[in-house]
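Peer 1: Chain order of the listed sequences is A and B. Under my numbering, the residues of the first sequence are numbered 22 to 439, in order. Under my numbering, the residues of the second sequence are numbered 22 to 439, in order.
The set of hints was computed from the structure by calculation and includes no laboratory data. Worth double-checking, as some hints may not be accurate.
Which copy? The list can't say, so a pair holds if one copy fits it or any two copies do.
Said to hold, decoys possible - Cross-link-like lysine-lysine pairs, in silico, DSSO-like; alpha carbons within 27 Å at most: (1) K136 - K115; (2) K81 - K134; (3) K366 - K228; (4) K260 - K36; (5) K49 - K262; (6) K115 - K191; (7) K383 - K262; (8) K39 - K264; (9) K300 - K264; (10) K366 - K136; (11) K366 - K134; (12) K139 - K111; (13) K71 - K185; (14) K35 - K247; (15) K436 - K388; (16) K49 - K237; (17) K231 - K39; (18) K366 - K437; (19) K260 - K301; (20) K111 - K134; (21) K432 - K52.
Number of protein chains: 2
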Amino acid sequence: MIHFQQNFKQQLTKKEIKVIDETFSILKEEKDSNSIGYYKLYETSQDILKGVKRYKKENKYLKNKKIKNIVVVGIGGSSLGTKAVYELIKLKQKSTINLIFLENVDPLDIASKTKDIKKTNSLFIVISKSGSTIETISIFKYVLEKFNLDLKKDNSRLIAITDKGSNLSKLAIKNNIPQFNIPLNVGGRFSVLSAVGIVPLVLAGYKVEKTLEGSKIFIESFFDKKENHLLQKAYYYFKNKDKYCINTLFSYSTYFSYFNDWYVQLWGESLGKINRSNKKVGLTPVGLVGSIDQHSFLQLIIQGVENKTVSFIQIEDFGKKVQIPNINIDFLEKTDYVNSCNFDKLLNEECNATIESLIDEKVPTDKIVLDKLSEKNIGILLSYYEILTSAVGAFLDINTYDQPGVEFGKKKLVKKFS
Amino acid sequence: MIHFQQNFKQQLTKKEIKVIDETFSILKEEKDSNSIGYYKLYETSQDILKGVKRYKKENKYLKNKKIKNIVVVGIGGSSLGTKAVYELIKLKQKSTINLIFLENVDPLDIASKTKDIKKTNSLFIVISKSGSTIETISIFKYVLEKFNLDLKKDNSRLIAITDKGSNLSKLAIKNNIPQFNIPLNVGGRFSVLSAVGIVPLVLAGYKVEKTLEGSKIFIESFFDKKENHLLQKAYYYFKNKDKYCINTLFSYSTYFSYFNDWYVQLWGESLGKINRSNKKVGLTPVGLVGSIDQHSFLQLIIQGVENKTVSFIQIEDFGKKVQIPNINIDFLEKTDYVNSCNFDKLLNEECNATIESLIDEKVPTDKIVLDKLSEKNIGILLSYYEILTSAVGAFLDINTYDQPGVEFGKKKLVKKFS
Chain A
22 MIHFQQNFKQ
32 QLTKKEIKVI
42 DETFSILKEE
52 KDSNSIGYYK
62 LYETSQDILK
72 GVKRYKKENK
82 YLKNKKIKNI
92 VVVGIGGSSL
102 GTKAVYELIK
112 LKQKSTINLI
122 FLENVDPLDI
132 ASKTKDIKKT
142 NSLFIVISKS
152 GSTIETISIF
162 KYVLEKFNLD
172 LKKDNSRLIA
182 ITDKGSNLSK
192 LAIKNNIPQF
202 NIPLNVGGRF
212 SVLSAVGIVP
222 LVLAGYKVEK
232 TLEGSKIFIE
242 SFFDKKENHL
252 LQKAYYYFKN
262 KDKYCINTLF
272 SYSTYFSYFN
282 DWYVQLWGES
292 LGKINRSNKK
302 VGLTPVGLVG
312 SIDQHSFLQL
322 IIQGVENKTV
332 SFIQIEDFGK
342 KVQIPNINID
352 FLEKTDYVNS
362 CNFDKLLNEE
372 CNATIESLID
382 EKVPTDKIVL
392 DKLSEKNIGI
402 LLSYYEILTS
412 AVGAFLDINT
422 YDQPGVEFGK
432 KKLVKKFS
Chain B
22 MIHFQQNFKQ
32 QLTKKEIKVI
42 DETFSILKEE
52 KDSNSIGYYK
62 LYETSQDILK
72 GVKRYKKENK
82 YLKNKKIKNI
92 VVVGIGGSSL
102 GTKAVYELIK
112 LKQKSTINLI
122 FLENVDPLDI
132 ASKTKDIKKT
142 NSLFIVISKS
152 GSTIETISIF
162 KYVLEKFNLD
172 LKKDNSRLIA
182 ITDKGSNLSK
192 LAIKNNIPQF
202 NIPLNVGGRF
212 SVLSAVGIVP
222 LVLAGYKVEK
232 TLEGSKIFIE
242 SFFDKKENHL
252 LQKAYYYFKN
262 KDKYCINTLF
272 SYSTYFSYFN
282 DWYVQLWGES
292 LGKINRSNKK
302 VGLTPVGLVG
312 SIDQHSFLQL
322 IIQGVENKTV
332 SFIQIEDFGK
342 KVQIPNINID
352 FLEKTDYVNS
362 CNFDKLLNEE
372 CNATIESLID
382 EKVPTDKIVL
392 DKLSEKNIGI
402 LLSYYEILTS
412 AVGAFLDINT
422 YDQPGVEFGK
432 KKLVKKFS
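Model the full assembly from the supplied sequences, consistent with the hints where possible.
Peer 2: Structural data, given as structure tokens:
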């Protein structure tokens with residue numbers, strides 16, 4: 022269960038309520054017409070789930086428990102969501118298989134991350150929606166050479182995840198490399214609950230059924246009009262976009278740092294667009310981790326220019342109690358007020374105290390409270406943020422799902438090598 | 022060597038040149054009067070360096086090479102800078118000792134990070150400038166109990182880094198715990214080259230002399246008026262603060278991610294202030310890693326609201342050549358244009374292509390080029406960003422060095438436990 026609480030107030034006019042209703046209809050139309058596919062991934066991914074389970078049973082290396090590493094070669098939408106879920110799901114489920122992400126073309130990073138990998142105990146997944154991402158294919162080539170992987174002979178060690186019909190897909194077919202496809206109506210940054218996230222996680226030994234269930238629960242609830250807070254928040258962000266141009270997500274747990282990164286891509290790449298009136302619009306995401314960033318970014322929120330909204334993520338029950346010992350130390354008596362408390366209480370009360378400080382300063386805040394760290398809650402949270410993004414995009418009158426600006430540099434890059 | 026290149030142009034009026042000169046004088050006065058101490062850390066830290074080297078020779082556990090972990094308990098300014106240098110310096114120097122940072126009061130994080138630590142092979146450093154940071158002291162208590170550390174009997178396993186006269190300092194004196202002090206005129210976020218960074222790094226086996234030397238070189242060069250680009254950039258940021266309210270640092274290497282975090286604290290906490298005309302001012306920092314974030318944040322920079330400046334960090338020579346194999350794969354021929362290139366060339370050309378795209382879109386950019394990853398360059402870069410921060414702060418007419426807003430929540434927190 023997740024509880025959503027908004028601390029900003031807005032009086033909506035009849036006209037505004039109509040605009041909000043229309044936006045709901047836009048999203049419903051995206052879903053019902055299947056023009057946008059992420060709304061139904063909890064359904065369409067069931068086949069992927071079955072497929073990867075079958076693959077797991079049949080793959081000779083996995084069957085014989087020889088696999089210690091699942092190496093994911095992918096960047097952006099092909100890695101960020103999986104990393105976010107992986108970081109959280111590891112807290113709930115145990116596995117002896119590592120997921121390793123080769124994302125960056127930094128030579129030292131690639132060398133370091135592949136140093137301890139052996140061909141004999143690894144599977145390699147190459148993920149590219151378009152099938153031709155230059156970073157991904159370059160690293161894939163490196164992996165092929167370094168581990169002496171033959172596309173045909175070693176196809177049991179290789180998996181491709183890509184769009185049906187892409188060049189990577191054709192390559193997979195030619196070499197009999199198992200492949201899983203991303204639905205064509207699901208964009209990279211909305212693809213975490215497609216094959217992109219499911220295949221690596223399941224192969225690494227994690228169960229994702231409940232995460233898909235969480236997604237289903239939230240999406241159905243939203244389209245049953247039971248999550249009106251979401252549209253109201255989206256509208257508030259849209260309406261105040263000039264004043265509050267930065268939307269901060271302040272997650273109170275170390276383990277949300279990759280979730281924050283996923284949010285940053287989802288929000289930034291979806292909402293930074295030229296709108297249908299030919300105007301550059303967009304909202305800037307910032308991800309913070311509490312309480313660490315109280316000692317970094319909070320001063321700016323409190324006393325800096327009033328241009329930020331702040332959403333807090335809080336976990337009520339961490340599932341593990343770690344106590345602050347009841348030790349009295351001479352000269353440090355002033356810190357004794359937290360003695361015998363659990364660290365989660367300290368963490369959450371810091372979050373609450375920070376929220377109250379921001380309310381005092383009239384910073385628009387809201388709080389997203391997970392009753393616990395659970396697979397289901399992860400699914401709810403992913404879908405919440407995806408729909409929130411779609412809703413703000415609809416208000417902004419943009420195409421939320423493309424990324425034309427990213428192409429500009431690609432052409433220049435090719436020229437530099439010619 | 023670091024080369025600084027600015028791609029934005031500004032025509033300065035005589036009046037503006039005078040304002041810039043005055044700001045230079047303010048910074049010079051801060052330095053010469055010793056009111057701000059970070060400008061001279063390359064000098065004042067020499068004693069710390071000698072002290073920690075002596076300590077290293079004399080400490081019975083270090084002498085007998087029994088230490089595998091240096092555990093740093095600290096948050097914000099007490100950890101971010103050290104982490105930034107550690108991540109980079111590890112690429113240049115080898116050591117068998119791990120630096121482990123206990124920063125967050127997240128119960129799962131604390132439990133996980135302390136799981137494999139043993140008392141018998143670890144030293145514990147508690148760092149708090151004020152000496153009473155609630156997170157730090159709470160984790161310190163946890164560490165004392167978990168590892169059965171007695172303040173007196175185990176004082177050879179403990180080190181305190183704090184202000185002279187703080188309660189933590191008094192505790193250290195009482196229990197004969199070795200302590201190193203942070204100069205009173207050096208704020209937490211400017212303290213990386215004080216005992217805060219030097220002691221953990223040196224104990225973990227890293228040489229920091231050249232980093233201090235880099236700092237000295239840049240600071241002296243700046244005050245010799247040989248780095249005027251810095252003041253011009255600072256003035257540009259100040260002058261355009263309403264339009265360009267976000268200053269993005271786009272570092273093209275995975276190993277700059279903690280440097281980015283350090284920058285975010287330095288910039289955000291220093292510049293987000295109520296100015297002397299009682300107005301909330303501030304510039305928002307965002308840290309990005311290239312080329313990864315080309316697939317995340319770049320779309321927003323290119324087509325979103327024009328409210329961002331972007332600084333690029335590029336490393337010319339990574340010191341290690343890792344080649345993209347010359348493999349032609351059917352269907353992937355379009356990616357062959359980078360075959361046989363080194364990954365660093367691909368990475369840097371991606372950076373250059375991105376800069377050109379942003380120039381086309383009239384985004385103000387600048388490029389900071391390190392000829393190589395070196396200890397000296399790290400020192401130059403740290404000091405460059407510190408002085409840049411001071412300069413923008415002087416233009417903004419704020420106290421760059423305090424953080425009053427952070428206190429608001431602290432009082433509320435205490436109440437929650439009473």
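Peer 1: Evaluate each hint against the coordinates.
Peer 2: How the hints compare with the structure:
Proximity of K136 and K115 under a CA criterion of 27 Å is satisfied in both settings, with 24 Å inside one chain copy and 16 Å between copies. In this assembly of identical chains, the alpha carbons of K81 and K134 lie at most 27 Å apart only when taken from the same copy (25 Å versus 35 Å across copies). Within a single copy, K366 and K228 get their C-alpha atoms no closer than 29 Å, and across copies no closer than 40 Å, so neither meets the 27 Å cut-off. Taking the shortest Cα distances, K260 and K36 sit within 27 Å of each other inside one copy (13 Å), while across copies they are farther apart (39 Å).
In this assembly of identical chains, K49 and K262 lie within 27 Å of each other by CA distance solely inside one copy; the values are 24 Å within and 40 Å between copies. Within a single copy, K115 and K191 get their C-alpha atoms no closer than 35 Å, and across copies no closer than 44 Å, so neither meets the 27 Å cut-off. Proximity of K383 and K262 under a CA criterion of 27 Å is satisfied in both settings, with 16 Å inside one chain copy and 22 Å between copies. For the homomeric pair K39 and K264, the shortest alpha-carbon distance inside one copy (23 Å) is at most 27 Å, but the shortest distance between copies (32 Å) is not.
Taking the shortest alpha-carbon separations for K300 and K264, both the intra-copy value of 17 Å and the inter-copy value of 16 Å come in at or below 27 Å. In this assembly of identical chains, the alpha carbons of K366 and K136 lie at most 27 Å apart only when taken from different copies (21 Å versus 41 Å within one copy). Only between protomers do K366 and K134 lie at most 27 Å apart by alpha-carbon distance; the minimum there is 19 Å, versus 36 Å within a single protomer. Within a single copy, K139 and K111 get their C-alpha atoms as close as 23 Å, and across copies as close as 24 Å, so both meet the 27 Å cut-off.
Taking the closest pair of Cα atoms, K71 and K185 come within 27 Å of each other only inside a single copy of the chain (18 Å); across copies the shortest separation is 63 Å, beyond that limit. Only within a single protomer do K35 and K247 lie at most 27 Å apart by alpha-carbon distance; the minimum there is 20 Å, versus 62 Å between protomers. Taking identical chains as interchangeable, the C-alpha atoms of K436 and K388 lie at most 27 Å apart only when they sit on different chains, with a minimum of 20 Å there against 47 Å within one chain. Taking the closest pair of Cα atoms, K49 and K237 come within 27 Å of each other only inside a single copy of the chain (15 Å); across copies the shortest separation is 61 Å, beyond that limit.
In this homomeric assembly, K231 and K39 never come within 27 Å of each other (Cα to Cα): the closest approach is 35 Å inside a single copy and 64 Å across copies. In this assembly of identical chains, the alpha carbons of K366 and K437 lie at most 27 Å apart only when taken from different copies (10 Å versus 54 Å within one copy). With identical chains, the CA atoms of K260 and K301 are at most 27 Å apart both within one copy (16 Å) and between copies (22 Å). When the C-alpha separation of K111 and K134 is checked against a cutoff of 27 Å, the pair qualifies both within a copy, at 20 Å, and between copies, at 15 Å.
Proximity of K432 and K52 under a CA criterion of 27 Å is satisfied in neither setting, with 33 Å inside one chain copy and 48 Å between copies.
Checked against the numbered hints given earlier, this structure breaks hints 3, 6, 17, 21; the rest are met.
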